[in-house]
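K.L.:
Here is what each chain is made of, one letter per residue.
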Amino acid sequence: MANADCIVIQGSNMAECHPVGFQWVAEAKARGAKVIHVDPRFTRTSAVADKHLPIRAGSDIVLLGALINYVLSNDLWFHEYVVSYTNAATLISEDFEDAEDLNGLFSGYDPESGSYHLGSWAYQTEDDGSGHEGAEEHAKGHEQRAKAGGQQFGSGGAPVGTGTPKRDKTLQHPRTVFQILKRHFSRYTPEMVRETCGISEEDFAYLARSVTENSGRDRTTCFAYAVGWTQHTLGAQFIRTASILQLLLGNMGRPGGGIMALRGHATIQGSTDIPTLFNLLPGYLPMPSVTAQTLDDYVDGIRTTNQKGYWANARSYAVNLLKSWWGDAATAENDYAYDYIPRINGAHGTYQTLMAMLKDQVEGYFLLGQNPAVGSANGRLQRMGMSHLKWLVVRDLNMIESATWWKDGPEIASGELRTEDIDTEVFFMPAATHVEKSGSFTQTQRLVQWRHQAVTPPGDAQSELEFFHELGKRIRARVADSDDPRDRPLQDLTWDYPLTEEGEPDAEAVLAEINGRFLTGPDADKPLSSYTQMKDDGSTAGGCWIYTGIYADGVNRAAMRVPGQVQDEIASEWAWAWPANRRILYNRASADPQGKPWSERKKLVWWDEENHTWTGKDNPDFPLDREPGSHPDPQQGGPDALAGDDPFIMQADGKGWLFSPKGMLDGPLPTHYEPQESPVDNPLYTQQQSPTRVMFPREDNLSAPSGEAPGTDVYPFMFTTYRLTEHHTAGGMSRWLPYLSELQPEMFCEISPELAELKGLEPYGWATIVSPRSAIEVKVLVTDRMTPLTVGGKTIHQIGLPYHWGAGSDAVVSGDGANDLLGITLDPNVQIQNFKTGSCDIRPGRRPRGAQRDELVREYQQRANLTIMTGMERITDPERELNDDPLRARDSGDVAGRSTAYTAGTATTDQGEDK
Amino acid sequence: MTPTSAFADDTHWDHPHPRRGFFTDTSICIGCKACEVACKEWNRNPVDSDYEILGSSYDNTGGLGADTWRHVAFIEQTQDRIEEARESGRALVNLGMPRVGPPQAASTPAAGGCACGSAAPADDAAGSGCACAGPSSATTAPAAGGCGSTGGCGCSSGGAGGASAGTGEDGSPVLDTPDFRWLMSSDVCKHCTHAGCLDVCPTGALFRTEFGTVVVQEDICNGCGTCVAGCPFGVIERRDDGLVEPKTQRGAAPMPDTVKVPQDGIAQKCTLCYDRMKEDQTPACAQACPTTSIKYGERETMLESAQQRVAQLHEQGRTEARLYGANPKDGVGGTGSIFLLLDEPEVYGLPPDPRVPTADLPRMYKRAGMAVAGMLALGVAAFAAGDRA
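From first to last, the protein sequence lines stand for chains A and B. Quick note on our numbering: the first sequence kicks off at 1 and runs consecutively. Quick note on our numbering: the second sequence kicks off at 1 and runs consecutively.
None of these hints come from the bench; they were simulated from the model. One or more hints might be untrue.
According to the in silico footprint, chain B covers these stretches of chain A (three or more CB under 8 Å from chain B) [stated by the list, open to error]: (1) 9–19; (2) 743–751; (3) 780–788.
Some chain A residues judged to face chain B by a derived CB distance under 10 Å, without partners named [unchecked claim]: (4) 25; (5) 30; (6) 726.
Chain B residues, not near chain A, derived (Cβ > 12 Å throughout) [to be verified]: (7) 17; (8) 84; (9) 88; (10) 202; (11) 203; (12) 220; (13) 237; (14) 264; (15) 279; (16) 300; (17) 301; (18) 329; (19) 333; (20) 345; (21) 374.
Here the structure is a predicted model, which means the values were calculated and not measured. For every residue, glycine included, the Cβ atom is placed at its ideal position computed from N, Cα and C.
Starting from the given sequences, assemble the full structure and let the hints guide the process.
P.N.:
Okay, structure coming up:
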């Protein structure tokens with residue numbers, strides 16, 4: 001980022017939420033970069049930016065789409081880059097129909113499942129020209145959605161089917177991606193931005209000018225986002241829109257370019273690389289589904305052998321993982337113990353698990369560094385769900401609300417739950433902090449940084465490593481004598497980690513296992529140094545292919561700490577970045593098709609004619625000996641098939657995708673839909689919300705009506721939730737610390753002076769905020785940093801709500817939780833919840849106590865005539881008449897669970913009946 | 001005469017160590033409060049709060065005191081105030097000084113170009129140590145360009161319109177966000193050249209360290225509180241209550257809220273991390289600052305970077321920038337902690353014209369002495385006259 005000439009921070013409050021990473025923005029600014037912050041609020045980031053553009057939460061695709069339109073219609077795109085390095089020239093199937101032509105739906109929509117058949121989005125291929133060939137492999141969208149399929153491309157793109165894609169380098173063919181793109185975004189104009197986002201035409205012009213003037217051969221623009229983009233019902237598409245823009249401007253794979261995904265915790269990147277997610281195995285290998293009966297089935301389902309690039313070798317990565325977990329028990333004969341891996345048959349994400357809990361289908365639950373009673377959407381449902389468990393293990397630093405809801409939660413206060421009626425057995429296991437254990441943090445830039453234990457944990461506190469090692473040991477001892485085949489995976493597991501002096505498993509041994517080693521041959525037992533050494537014949541083992549090389553030559557490279565001052569700007573000897581210690585991905589794109597740097601100023605890697613190799617400041621992300629002009633037979637597949645101008649080496653066609661023929665489940669191109677709850681109608685289509693969003697229509701998860709629908713005026717204001725610098729997420733690491741608690745002691749909302757006047761709210765007094773789910777009380781910060789926006793002829797008031805506080809009795813500071821206000825609606829690609837927009841009312845004074853709080857919520861619900869169906873229609877175009885049964889959300893939502901809707905007055909009876 | 005030698009003469013402080021201090025550049029402060037927390041962590045200072053919203057934007061600790069030695073102020077301003085600040089900052093520079101800014105700039109050496117803040121009476125501002133005296137004077141630097149930093153710049157400047165301070169068609173700076181701003185500033189003890197607290201301390205508990213900083217010796221202070229009135233900035237206070245330890249000590253019983261705090265009843269203030277400094281370490285606040293808004297080092301170096309920075313900002317059209325504490329002729333002889341402010345000091349809760357209470361002592365003594373001499377002379381004269389009579 002320090003190398004950027006312009007930085008657009010959108011969907012992120014970087015200075016507040018990533019203050020340490022923000023040093024690079026400060027550095028770029030000191031070097032003369034322009035910094036623009038697009039956010040509903042004027043935050044501490046805006047305070048040090050050159051310009052702040054207030055935006056209506058959830059309208060980002062319109063703004064970014066208008067930038068795309070600006071770039072295309074003013075001919076400001078980077079011609080040579082776009083033609084050579086992206087799929088702009090690729091032809092799309094004749095069957096594809098755009099949402100612009102189908103009033104908000106792309107071709108392939110299946111109203112039965114609420115998802116897309118992706119076949120019509122495919123490339124046309126030389127072989128048959130129809131694009132149909134890949135159609136069979138185009139898994140149905142709803143199956144992918146059930147697996148959060150979009151998330152599986154963290155390290156490689158989706159396979160696009162067989163055949164060589166047809167290309168028209170003149171970009172004139174009407175089926176080229178370029179022409180489709182032009183048509184698709186043609187309605188995204190500055191006027192549309194004004195009407196939808198609330199951003200004036202002058203401000204849009206400023207943004208458009210800044211971004212385009214700072215892109216090209218000599219200059220680069222960088223985007224940074226965080227959960228302000230992801231946590232929407234179409235969050236993945238927000239990021240896609242920015243990706244398209246950055247590809248058009250030639251800002252990918254170059255210094256100071258790219259799209260920086262700011263991750264929320266110290267190693268949240270690490271926990272997707274080596275995942276704690278239901279749908280992923282290490283290295284972004286998808287979790288096998290029940291339909292993949294053999295290893296070959298599985299591998300064939302995730303890649304094609306004739307696709308270009310390194311993902312074609314996915315079989316090696318899978319076999320190495322299996323060898324790493326099951327050692328000698330994994331043999332060619334038993335498919336490398338592939339059957340030991342559990343299979344998934346649908347979405348098993350955190351919210352689906354919650355629904356299962358409510359149906360008494362989940363017995364036990366581990367909470368590790370997670371505080372869903374405060375930090376997850378619809379807090380009340382979270383707590384009610386936990387009350388259905390038989391046992392609950394909370395491993396945390398402090399006695400968080402998720403460990404104490406059974407005695408001091410809001411439902412105890414309202415009388416809805418009674419402690420003596422709750423059967424859940426709660427175990428609290430104290431956890432070691434990051435200074436009390438060694439291990440690694442993988443940060444935003446994929447840099448894996450080692451940390452050493454500074455002090456030993458107090459009392460019974462343990463590291464995760466020690467806890468799970470011990471748990472594994474005990475479980476394995478239990479099943480040691482079992483002859484039940486289902487215990488074989490546990491019996492055969494490699495679980496032989498050396499212990500440190502303190503008796504803890506050695507974290508470095510785990511790192512070595514992740515790195516991988518040769519099992520046979522002259523180098524047997526030596527660490528692998530690159531994932532290209534991985535074989536699919538059982539002669540090597542490695543726990544996470546993208547991390548291979550981190551322990552090359554037996555050296556812990558994550559622990560490298562040569563100070564930046566004594567290195568060049570790449571600083572390759574500070575820690576280790578996956579893959580292959582490469583600091584900028586796809587950096588082949590930093591050179592022109594002939595292999596020369598685009599400019600001296602933005603030089604990174606280049607083709608060294610003399611030595612016939614790629615070289616440069618960074619480790620080149622390309623086969624080193626592949627000549628810029630070479631065009632190997634694309635059908636041979638794998639890295640060998642990459643042409644000299646295919647910089648995107650993990651994509652099946654080696655190109656950056658302006659149009660995704662596969663991989664996205666809610667459209668091959670981003671298009672604007674309104675959030676689940678919105679004060680306005682969708683200005684683009686009669687289709688109001690994303691037709692593929694994942695919904696949970698339940699009485700206790702009601703939605704407010706949107707736009708012009710009756711009842712919208714009951715919840716007339718928008719709210720958005722966020723973090724503050726002074727606290728950490730749901731507060732487990734900060735609200736127990738006086739030094740941090742005193743800095744932001746009380747739950748508050750941020751509102752504009754106009755809204756304060758409208759509703760008679762006193763600065764720093766109390767207010768109550770009511771949504772269709774709950775009512776919370778907050779202190780009122782009236783500030784000019786909040787601006788009412790004029791959108792669609794209406795004045796839109798946005799209310800800002802930090803979500804750090806929760807109701808409990810153990811923390812230094814507590815308060816009502818903002819997430820109690822939110823309903824649960826998910827993005828179909830990655831199953832992430834919408835945290836960023838909701839509808840509410842605000843009124844002066846504190847909220848009612850006890851059961852009267854629920855009465856207030858119900859009174860609002862009745863006034864708005866809310867039903868379980870409100871806002872839950874998939875198709876909102878009345879002419880389509882497809883809405884026969886919105887509750888048919890088989891694979892996603894869930895309606896069969898016991899309702900926990902507010903039934904004030906009869907709450908206890910309700911509970912009793914359930915028991 | 002270098003500032004240091006002037007400082008040594010003025011304060012009768014004689015030591016081989018160069019004077020150390022802070023330069024707090026509020027123009028790049030992001031208000032994260034890491035300095036406040038790092039300070040409390042290192043010095044084990046008590047919390048300073050009733051855990052209620054204070055009613056002052058994002059500030060909930062209120063100000064400097066016995067328990068809070070770094071404090072971040074948050075000030076929200078609208079357009080009118082911004083323009084006033086820009087005007088007042090420009091006026092500081094225009095007081096007979098070479099113009100700082102675009103095209104019409106003269107090439108005269110900026111010997112006294114000054115944006116020292118209103119703590120500096122105009123006619124005194126030409127003294128050494130004033131702003132804009134650096135060799136890379138704003139007057140000779142290009143008015144616009146991609147690269148304004150003084151170091152670490154790996155890129156060539158220029159190119160298509162990418163400079164953060166673009167220029168309008170008439171060459172005047174165009175500012176991108178004219179209508180609103182949110183100022184953040186981390187305040188700290190000033191470690192004055194003429195330190196009121198130190199001057200009035202009757203027990204000698206306050207002393208000047210070998211680094212030129214002013215520190216309380218806890219074992220000597222008797223808690224008389226004279227220094228509290230002696231500080232023109234309201235920094236030093238007596239510690240009377242507070243809670244030191246986290247409420248929940250993991251693995252131990254919760255501590256009562258009435259844990260006795262260390263140094264209860266005695267005067268407390270920032271030591272500029274004297275203990276760390278002795279080990280050649282950076283003070284906790286500067287170490288924790290993610291954007292280098294808090295810089296620490298030899299005071300002369302700090303002063304130089306402060307002057308360069310203020311010049312750079314003026315060049316970019318941000319004429320509201322001015323220095324505070326950089327002027328050796330101000331009422332406290334300049335401070336060890338220098339600040340770059342973006343508005344009048346009062347806006348940040350800083351006194352516009354701080355004056356050490358003992359500043360008038362020599363004159364008072366002189367006048368008293370003259371009075372005594374006059375009386376004596378009168379007496380002698382009376383005797384002489386009486387003799388004649």
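K.L.:
What hint numbers does the structure not satisfy?
P.N.:
Going through the list in order, the structure violates no hint and respects every one.
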